Amino acid sequence: MNLTDELNKDIIKSHINSDSKMLAKHYLEAANLFKGSIEEPFFLTQSYVFSLELGDLKTIQHTFSRLKKLNRI
Amino acid sequence: MSERLQTIFAPLAQANGLANEHYTDPQVHDIEKRALFFDTWAGLSVASEIPEIGDAKPISFLGMPLLIIRDKAGNVRVFQNICRHRGMILVSKAQRIEGAIRCPYHSWCYSSEGRLITTPHVGGPGKNAHPEVDKAALGLIEVRSHIWRDVIFINISGDAPPFETVHKHLIKRWKDFDQPMFQGGENSKFTINVKCNWKLAVENYCESYHLPWVHPGLNAYSRLEDHYHIEEAGLYSGQGTNFYRQFEGDGGYKFPSFNKLGKKWGDSAEYITVFPNVLMACQKDHAWSAVLNPISNELTTEDINIYYASPTTNEEMREANKKQWKDIFIEDILVVEGMQLGRNCTGFDGGRFSPAMDGPTHLFHSWVANKLLNNKSLRP
Ligand code: FES
Ligand SMILES: [Fe+2]
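Protein sequence lines, in the order shown, are assigned to chains A and B. For the first sequence, position 20 matches number 35 in our numbering, and the numbering has no gaps at all. For the second sequence, position 281 matches number 302 in our numbering, and the numbering has no gaps at all.
Excised from the complex, chain A in its bound form (with noise of 0.2 Å):
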C-alpha cells in the first residue's frame, strides 16, 4: 500500500514550509489510512513528534496513547 499522490504532496509541502501544524495533522491521516499496517507505528511517531513540537496536546495524547497500544513507545 503506498500513500496516495495526493497526501504525499501535501506532507512533502509541509516539510518544506517546516509547518508543524500541517506536518502532525497530515501523518496522522497517515497513520490512519495505514491503520493494523506494519506502516502504522512509523506514521504515528512522525504525527507524535511534530504535535510535540507544537505543543498541540489533542494530538499528542491521540498519538501516544495509540503507540503505548501498539508497545511502540
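Since the hints were derived computationally from the structure, they do not count as laboratory data.
Straight line, CA to CA, 27 Å or less: simulated BS3-like cross-link-like pairs of lysine-lysine:
id: 1; chain 1: A; residue 1: Lys83; chain 2: B; residue 2: Lys148
id: 2; chain 1: A; residue 1: Lys73; chain 2: B; residue 2: Lys148
id: 3; chain 1: A; residue 1: Lys84; chain 2: A; residue 2: Lys40
On a predicted model such as this, the values are computed, not experimentally measured, just so you know.
Given chain A, work out where chain B with the ligands should sit, using these hints.
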C-alpha cells in the same frame, strides 16, 4: 607566564600591567577562557531578552553554543545548545518554543526544562524506545545560572560557590537598588563591537582618569575630583561619583527615582565591573548593564541594557538617554582599540600605572593574575 604574573602583585606604584600576550595571543585567550570565565560567574545575557514562557535564544559564548530559554514555570535556564544524540545544534535562531525543542537532525525532542521526551525511531522504524537508550540520563546539559539585576550569570564549570556567596559584598553595597526595575524596551538597548580584547573594555570602564580627555562632554557636570575609586579585591572594581546630575529633557522631564534610596544615592552614582565581564551602573533614576562577550582575543561584543524605576517612562526621553550613553560607549572605542593595537609593540612592558588614579585597573589585573596562577586545570 607565571613569573611575569607575579610582578602584577607589586604595589601599584611599582607594578607593571599584564603582558602583551594576554591581549594578543589566542592561546593565552584560551587559557583565560577556562580560568577567568568557565570557573567563575560570568555574564552571558539578560533575562529581559526572553520575557515570555518558551522564549529561546541561542548565544555563542567563548565559542560555546549556548541556549537561554524561559521554561514553563517561568524560570530562565541555560543549556549547552546541543542534542545528546549526535551533538547537532538544537536552536539556531531566537524563537518562541510552544511545545518541545525538536532537534532538526533526527527529531529527538526536549522539554523547556531540558528533559528528553522522545527518541523517534531509535529502536527502528516506528519503535521509539530502546532498552539501551535511557532517556532519563540524556536530558540537555544545563549550565548553572543565576540572575542578578537582570543579568544572567553562568558558572560553566558548575563548581564555583553560589553567586550570592561570591558577591554578597556587592549585593549588600547595592541593596537599596534591590527593587523592581524595568528594561526600557528596544530604545533602551544597544550593541557595540570593539576590536579589542575584552579586558581592555573592563580596564577602561574601571577608571575615571580618562573622563576629562575621552568624554569632555562629561566635564561640565561630572568633574574628575568628584569621583572616587571602588576597589574590592578579588571581586569587583570601578568608580563612583559624588555628584550625579540627573538626565533632564526639554521641559524639565526627569525619570522617576527608584524607591526609598538611602541618602547617599541622592547625589552619588556607581560604575562597577563585576569580574570578569559585566559592567554595571546604579544611579538614582536609571541603571544599566553591559555584558561583554569575548568573540576572540581581539574582538569583543558589548550588549548594553538600560533600566528604569517605572515601566512607563517617556519614550523620547528613553531614546535620548540611550543616545547619550551610546555616544559615551562610542567615544571609548578609540582608546580601547588603540590600546589593543599598541599591545603588538614588543617594547610595551604592561605599562606603568598612575599611583593615584589607576588603582581599580591594577586591582583587576591582580584578579586576573591570581585566577590564572590558582586555576586548578592550569596548575602543574
Ligand atoms: S542529532 Fe539530534 S536527533 Fe540526532
Ligand atoms: Fe569611558
